[in-house]
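A.B. asks: Below, each chain spelled out in residue letters.
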Amino acid sequence: EPEVTQTPSHQVTQMGQEVILRCVPISNHLYFYWYRQILGQKVEFLVSFYNNEISEKSEIFDDQFSVERPDGSNFTLKIRSTKLEDSAMYFCAILDPNAGVGTDTQYFGPGTRLTVL
Amino acid sequence: AQKITQTQPGMFVQEKEAVTLDCTYDTSDQSYGLFWYKQPSSGEMIFLIYQGSYDEQNATEGRYSLNFQKARKSANLVISASQLGDSAMYFCAMSLRTNAGNMLTFGGGTRLMVKP
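Line by line, the protein sequences are chains A and B.
Numbering follows the working numbering, in which position 8 of the first sequence is assigned residue number 392; successive positions increment by one, without gaps.
Numbering follows the working numbering, in which position 88 of the second sequence is assigned residue number 92; successive positions increment by one, without gaps.
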């Protein structure tokens, strides 16, 4: 199973501040995803990223959000001006590169719990 | 647009017994993947099992099996010989091959509690 780490594990920030969440895959992957889970609710897709470009994004992923892979390894999610409703667990996921045609298994990192005060 | 429904918000099962967690999906696409993930109280999302829409046999992974009924659009997870460590939230999810990014759509989850 591919390893994915996320930093920080927990981030507390003031409303209106910028936050950057980081995802570090251990192996060289091409497909990356961000999901969020508001406490007690379902997991929601934010954005997918392939070959250094956004391939798909949800309605949640508005202009306040951006993603990039600045150094070819880390994959970051930036929230420019946080709102109270951004408080959630944010998961990075990668697509299994060893899966054959027809399998699209995504493996999740441990998550970053973001608390906006 | 695809949709996943998990109708059981909570389930109890006796240790060592089998339990079935329900999942139904709705899509007009013919090519898709179905997944189950486990989320323990620590919060991480752990991949359990995958079923492709064209797979003729039900997927199995150790104590987990997926009861795939394509005509009924259901993909129920069966856990055999439940253990205390199986107590967690379980999420059913789907991805469509026609989506460029293969995004996952999740159901609302089922909380499983295993009684000793």
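Keep in mind the hints are simulated off the structure, nothing from the lab.
The reader is advised that the hints may include incorrect statements.
[Said to hold, decoys possible] Distance condition first, Cα-Cα at most 30 angstroms in a straight line; then the derived DSSO-like pairs of lysine-lysine:
(1) B:K7 - A:K462
(2) A:K462 - A:K426
(3) B:K74 - B:K7
(4) B:K20 - A:K426
(5) A:K441 - A:K467
(6) B:K119 - A:K462
(7) B:K7 - B:K77
(8) B:K77 - A:K441
(9) A:K467 - B:K119
(10) A:K426 - A:K467
(11) B:K20 - B:K77
(12) B:K20 - B:K119
(13) A:K426 - A:K441
(14) A:K441 - A:K462
(15) A:K441 - B:K119
(16) A:K426 - B:K119
(17) A:K441 - B:K20
(18) A:K441 - B:K7
(19) A:K426 - B:K77
(20) B:K20 - B:K74
A.B. asks: Given the hinted pair A:K426 and B:K119, is their Cα-Cα distance within 30 angstroms?
C.D. replies: holds (25 angstroms)
A.B. asks: Is the hinted pair B:K20 and B:K119 satisfied, with a Cα-Cα distance of at most 30 angstroms?
C.D. replies: Judged against 30 angstroms, a Cα distance of about 9 angstroms means the pair holds.
A.B. asks: Are the Cα atoms of A:K467 and B:K119 separated by 30 angstroms or less?
C.D. replies: The given pair, whose Cα atoms are some 40 angstroms apart, is violated under the 30 angstroms limit.
A.B. asks: For the pair supplied as a hint, A:K441 and B:K7, is the alpha-carbon distance within the 30 angstroms limit?
C.D. replies: holds (17 angstroms)
A.B. asks: Under the criterion that the straight-line Cα-Cα distance not exceed 30 angstroms, is the pair A:K426, A:K441 satisfied?
C.D. replies: The given pair, whose Cα atoms are some 17 angstroms apart, holds under the 30 angstroms limit.
A.B. asks: Can the restraint linking A:K441 and A:K462 be considered satisfied, given a maximum Cα separation of 30 angstroms?
C.D. replies: Roughly 14 angstroms between the alpha carbons, so the hint for A:K441 and A:K462 holds.
A.B. asks: Quickly compare the C-alpha distance for B:K20 and B:K77 to 30 angstroms and report which way the hint goes.
C.D. replies: holds (29 angstroms)
A.B. asks: Holds or violated: are the alpha carbons of B:K77 and A:K441 at most 30 angstroms from each other?
C.D. replies: holds (26 angstroms)
A.B. asks: Within a Cα-Cα threshold of 30 angstroms, do A:K426 and B:K77 meet the stated pairing?
C.D. replies: holds (20 angstroms)
A.B. asks: Is A:K441 within 30 angstroms of A:K467, Cα to Cα?
C.D. replies: Distance ~19 angstroms between A:K441 and A:K467 Cα, so the pair holds.
A.B. asks: Are the Cα atoms of B:K7 and B:K77 separated by 30 angstroms or less?
C.D. replies: holds (11 angstroms)
A.B. asks: Given the hinted pair A:K441 and B:K119, is their Cα-Cα distance within 30 angstroms?
C.D. replies: violated (41 angstroms)
The structure fails to meet hints 6, 9, 15, 17 from the earlier list, while all remaining hints are met.
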